[in-house]
Amino acid sequence: MQTVLYVTDDQERKGNKEIMEEFTVIGKRISKVDAVDKATGRALYIQDFKLPGMLYGKILYSKYPHARIIRVNTEKAKALPGVITVLTGEDIPPVRLGVYKDNPPLKAGKVRSYRDEVAAVAATDLETAREAINLIEVTYEAVPAIFDPEEALKPEAPLVHENHKTNLLKMPWNLHYGDVEAAKIEAAFNVEERFSTTWVTHCCMGTSGAIADFDHADNLTVYTNTQIPSLAQKDFQETLKVLGFKDKRVRVIKPCIGGGFGSKLDTYAYEHVAILLAWRSRRPVKIVFEREEEFCATSPRQPTVTYISMGCDKEGKLLYRDMSMVLDNGAYTSWGATTPSVMMMPITSLYRVPNVRYNAKCVYTNNTYSQAMRGYGNPQATFAIESAMDMLAEAAGIDRVEFRRINSNQPGDVTPQGLKITTCGLPECIEAVSRDLEFGRPREKGVGVGLASLIHVGGGARIYKSDGCGTIIKMDDYGKVDVFTGASDMGQGADTIIAQIVAEELGVKVEDVHVFHQDTDICPWDVGAHASRTTFVAGNSALGAARKIRHRLLNMASETTGIDEDKLTLKNRAFFADGKQVLPIGKLLRGSHFKPRGEMMMADNFYDPPNENMGRDFSGNMSATYSFGTHGVRVKVDEATGKVEILDYIAAHDVGRAINPMLLDGQVHGGVLMGVGYALTEQVILENGRNMNPDFRDYKILTAMDAIHSKAVVIETVDEQGPFGAKGIGEPGCVPTAPAIANAIYDAIGVRIKDLPITPEKVLAAIKKKNGAVSCGIDAFTQKEQPCE
Amino acid sequence: MSREIKLMLNGNQIFVAIEDNWTLLYLLREKLGLTGVKEGCGQGECGACTVIVDGLAVNSCIYFAVEVDGKDVLTIEGLAAADGTLHPLQKSFVENGGIQCGFCTPGMILSAKALLDENPQATEADIKQALAGNLCRCTGYVQIVESVEAVVDKSSEDINVVVRETGESG
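In order, the protein sequence lines correspond to chains L and V. Remember, our numbering sits 15 above the position in the first sequence when you count from 1. Remember, our numbering sits 7 above the position in the second sequence when you count from 1.
I should point out that these hints are in silico values taken from the structure, not numbers from a laboratory. Just to be clear, a hint being listed does not mean it is correct.
[Claimed, not checked] Simulated DEER-style distance windows between Cβ atoms:
#1 E142/L with E131/V: 38 to 48 Å
#2 E776/L with A132/V: 19 to 29 Å
#3 H529/L with A132/V: 32 to 42 Å
#4 E526/L with Q136/V: 31 to 41 Å
#5 N19/V with K65/L: 21 to 31 Å
#6 A157/L with A132/V: 28 to 38 Å
#7 G51/V with T656/L: 54 to 64 Å
#8 E37/V with K460/L: 48 to 58 Å
[Unchecked claim] If you only want the chain L side, here are some residues facing chain V, beta carbon under 8 Å, derived:
#9 F38
#10 R306
#11 H684
#12 R705
#13 M707
#14 P709
[As the list claims (entries may be wrong)] In silico lysine-lysine, BS3-like type, Cα no more than 25 Å apart, as pairs:
#15 K524/L with K480/L
#16 K38/V with K65/L
#17 K489/L with K563/L
#18 K98/V with K524/L
#19 K78/L with K91/L
#20 K43/L with K38/V
#21 K480/L with K249/L
#22 K784/L with K658/L
#23 K135/V with K651/L
#24 K658/L with K38/V
#25 K715/L with K38/V
Quick reminder that beta carbons are idealized off the backbone N, C-alpha and C, glycines included.
Please take these sequences and the hints and turn them into a complete structure.
Now the structure itself:
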């Protein structure tokens, strides 16, 4: 294993010259290929598309969290000039959405959350559509609702879906490797604790939206914000089938996406409503969310209640980890319900732990329904694990950093779940953080340091039967390259990374490569931008296609020049022999079109990584390689106000290889600040199912004023499976942030906050409780005495 | 009520008929086709719709179109030079990783421009203060602030300073 440590600072990177020099494009801080378009306002998002004859759609949402729909009167709305179509749940065939197919795009008979779509309007302009929605009269009969997932599991709880018979989803997330009970007896030190995390939401700056457009033969084009163009195409095809259109084409066009973060991993009611309105209107229909809708009608990260116990022997070696969780699924089922599959990875495999048990219950409630968000459950699980790691280290009397060193994953490990750890830079990450943050430095009052680590899939994740991605490459007469990839760029830079990989392999410049990633009519199949898989899977796919082209180019060049293939090199848009340019690529390609039995330069490649689906016991090597990282933070806690200030932050990541250090830094810095928000400020406040803070005034994502000086440290382990050695890095940046901060707060003032977000109120209450106070004052909202908890 | 207003828009004088209840955002995006002006919230909270009016960065979503009568409006479309040369801030955002999804970028760059026109030697604290009203979910702001700092570091000569009194776009 080749391990390289560098700080992403050009001065310090010079130490790695020998490694960097073998590449012309890989490892360089290259500007994003779409950056100029975005800096000049040319980039087009869903908001910016207008089709001839296009109508504007609006959705009417439920007024109750749980109610029977008695009557919907659409007469007044239909009579409004400019209204073309009004649809209710009664007007549409049985289209069903989501992982469980439990969600109709327009509800009939019953609503199960405030987010439920009751009716929809298409009108000639947006104002008219808005007005028409307000003219629809719905008579409801409220029924008892349930909002707490633990309460929802009780036998007397109202049922969210009557025909489901129980609020517990039939997804048996249970695993047990080794013997946890025996290990508990054997352990010298044990800890046991309850942790909780809350609803947080993606807050993409560009809101959700779609345009649906049928042609004269009922073929459908959908312009939509999606991270899963190929799977969305399939979903829309299913809707067409229900509408009675068989064998029709569906084309998905993905404009620039104003942020994804997991929010666009499924298709949603608004997309299908746009299709239904377009189907009924016979005109294109556009639905774009307003910000309040974005907060209320998109799917947040699911909250968890976690019970964890963990123990180690006298030397500090972990013996067992025992975790159980309750997840609020909300009223319908999207991928949020499957996040325990990824939570299993840190639970079984973050640090060496021989005996592991885990069970998770996903529970229907009358809240909004949940979705995956950056990390796919990993942030919730890691919050509990890494908080408990500090508690256990303290119980065992072992230094926190040393405790993690003792238990660190190592290259060659096979974890209890069967994850095969190949390259592993975790020990180096721990060292980088402890050295950089000076853990041993004398303590100032109210100041503390904390650290937390992560494991994440870094080589794709076999969630579906395929984890594949296709690529087509063609070269034109002038040596320019068109790459058609299944990958989805959503701002993270997938198009740039793929252009770099192809440019490196074909000896051309990045600006010679044009990456198409936005149209299912043109681009090959892929399972979507999730699991930090794009650089690894789409990168390998593109690399494989480029290799085919390279091979043919060298072959043809050898024929043309009479020089042996192995004496030719391909760089700077030309072939070189003995250091001299012998033939430009463009000239060779032009010649190939004019010679007898001419040929064109085109190749395709499908790459499906060597990873495994989980077996019945949830074991299996789900990723071809794993990403590791450690974050360290120094905080200052104001004991008078409970305010937490971040003084220093260091994020060390094993990324395999930094294909583009500038974009990599961006993923880390962005992930870290999202993680800081998760730790300290962000919460979707649901009061009896109603979103109480659907705007940026009250939902606190961090601003430039709150930006922290995070320092990104990159550990290159050059994974032999990765394209040029790279692993995925999209999600890891926000995974260990919250526990690192919670651990630092404990170090600073001796109180452990177990429930996110760690607001000043919670910190203050915990300080008061620690100092023996019983009452923490009068709550401003309820006017009641608050206990210090 | 409708009326005609006159404004300098990206260096060109235009006359346009508007309704009193239109926002500047609506006028620019829906009527004048300047879709580089983004709507992120419609409530003046996110800054994606930022444009520069007489040298000041404003949220065009809560700024009435009627108020730009006789004023000078600069949108992202008017920032690069006529020959397409990027403004130093645009170039810096491109080269320093200040852009990811790009939805906040036009507003972010224009807020930064308004700051640097006013204070070409802005400090990091000044930059963070000036950009506090422009939300970004992708970058953690680190490379955005660096992108602005990189322009400050250079001599301020290559930045076109808006002369607010005369209302000329830079």
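Regarding the hint that F38/L lies at the interface with chain V, is the smallest CB-CB distance below 8 Å? 19 Å, violated
K98/V and K524/L were given as a pair; does the straight-line alpha-carbon distance stay at or below 25 Å? Judged against 25 Å, a Cα distance of about 20 Å means the pair holds.
Would you check whether H684/L satisfies its interface hint, that is, whether its CB is within less than 8 Å of any CB in chain V? 4 Å, holds
Note whether the CB distance of E37/V and K460/L lies within 48 to 58 Å or breaks it. The hint (48 to 58 Å, Cβ to Cβ) holds, given that E37/V and K460/L are roughly 57 Å apart.
May I ask you to test the hint 28 to 38 Å on the CB atoms belonging to A157/L and A132/V? 52 Å, violated
Evaluate the given range 38 to 48 Å for the C-beta pair formed by E142/L and E131/V. Holds: the Cβ-Cβ distance is about 43 Å, inside 38 to 48 Å.
Compare the distance between the alpha carbons of K38/V and K65/L with 25 Å, and conclude whether the hinted pair is satisfied. Holds, at about 12 Å.
Please verify whether K715/L and K38/V have alpha carbons no more than 25 Å apart. 33 Å, violated
Satisfaction of hint between K249/L and K480/L, Cα-Cα up to 25 Å: Holds: K480/L and K249/L sit about 15 Å apart, inside 25 Å.
Check the hint pairing K489/L with K563/L against an upper bound of 25 Å on the C-alpha distance. With a Cα-Cα distance of about 11 Å, the restraint between K489/L and K563/L holds, given a limit of 25 Å.
Verify the proposed pairing of K784/L with K658/L, using a straight-line Cα cut of 25 Å. Holds - the C-alpha atoms of K658/L and K784/L are around 16 Å apart, at most 25 Å.
Straight-line alpha-carbon gap K78/L to K91/L, limit 25 Å: 19 Å, holds
Of the hints listed earlier, those the structure fails to meet are numbers 6, 7, 9, 12, 13, 14, 15, 20, 24 and 25, in rising order.
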